[in-house]
Amino acid sequence: MRKNWWKVLASVLVLYSLITGFLLDVPHLPILHESIRNLYFHVPMWFTMIVLYLVSVIYSIKHLGSNNELDDLMAVEFVNAGVVFGFLGLVTGMIWANFTWGDPWPNDPKLNSAAISTLMYLAYLVLRNSMEEEQKRARISAIYNIFAFPVMIVLLFILPRMTDSLHPGNGGNPGFGAYDLDSRMRLVFYPACLGWILLGVWIATLRFRIRRLENKKFN
Amino acid sequence: MRNLLVTALVLLLTAARTFAREAGGIEMADTLRSSGKIYVVVAVVAVILLALIAYLFTIDAKVKKIEEKE
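Chains A and B supply the protein sequences, listed in that same order.
In terms of the working numbering, the first sequence opens at residue 1 and continues consecutively.
In terms of the working numbering, the second sequence opens at residue 1001 and continues consecutively.
Since the hints were derived computationally from the structure, they do not count as laboratory data.
Don't be surprised by glycine CBs; every beta carbon is placed ideally from N, CA and C.
Any given hint might turn out to be false.
Where chain B lies over chain A, by a calculated footprint (3+ residues, C-beta under 8 Å) [as the list claims (entries may be wrong)]:
#1 8–16
#2 29–37
#3 210–217
Next up, chain A with everything else stripped away, as it sits in the complex:
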C-alpha cells in the first residue's frame, strides 16, 4: 500500500475537484455562465493526454538505446491511454463549444489541430499493428513516436497561436489566466489537473502490467 500512495492521491484530488468544481463560486461572465466550470474537467483531459504522450516518447527514446522490449510496451500503452483522454477532450470540447460558440465544430484552428494530432497517434497504433516482426516494429514505432510528439506540440500550442482562435490564449486572445482564472478557480483547477494526470498514468501502467503478463504467457 505504501507504494500506492499516489493512486490514493489521484483519487482524492479528482474527487475534490469534482465536488468543489460544482459548489465553489466562479466568476460571473457573459456567454460562459456556469459552463466556465468545464475548465475543471475539459482542460485536464488535454493536459493528461500530453503528459501520457510525453512519458511515451521518453520510453521510445529509452527503447532505441536499450532495445528493451518492456520500454516499447510502456511507450505503446501510454499512447493507448493518452488517445482515450484525447477523445474525451475532443468530445467534452464539442459539447462545450456547442453551447458557447454555437457550433460543436466551429473550424477553430485549435480544434483542427487537435483532430490532426489525434489522427497522428491513431496512425502510430495502426502502424504498430501492421508489422509482424517485434524488433522491427518496436524500433520503427519508436522513431515515429519521437517525430510525432514535437509535431503534436506544434499543432496544439504554436500554430493556433499564430492565427485567430476562439480558444483563450490563442491568436491574441488573452488566456484564462490573464483575466478570470482567479484564485478561487486556481484552487480547483490545479488539483484537478494533477489528479487527472496521476489517474491517467495509473490507467496506463495498469495496461502496461497486463500487457507484460500477456507477453510472458505467450512467449
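Starting from the known structure of chain A, fit chain B onto it as the hints suggest.
Relative to chain A, chain B alone:
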C-alpha cells in the same frame, strides 16, 4: 447651462446604472444552488467516480496477484 449640466449628470448616472446592471446581472444558476438541490447532483457524480476508482483499485489488486504468481 444649468439644464445642460443636469442632463449630463442624468445621462452619466443612467450609463453607470446600465453598466452596473450588465456586470451584476449575468444569469448564473444561483437559484439552483440556493435551493440546495445541486448537492444531489454532486453526490450522484461523486458516487459514480468513487465506484470507478474502487473498480480501478480492484483491477490493480487482481493484476498484482497474477504478477506475484508469475
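Comparing the hints with the structure gives:
| no. | hint | in the structure |
| --- | --- | --- |
| 1 | 8–16 | holds (count 3) |
| 2 | 29–37 | holds (count 4) |
| 3 | 210–217 | holds (count 3) |
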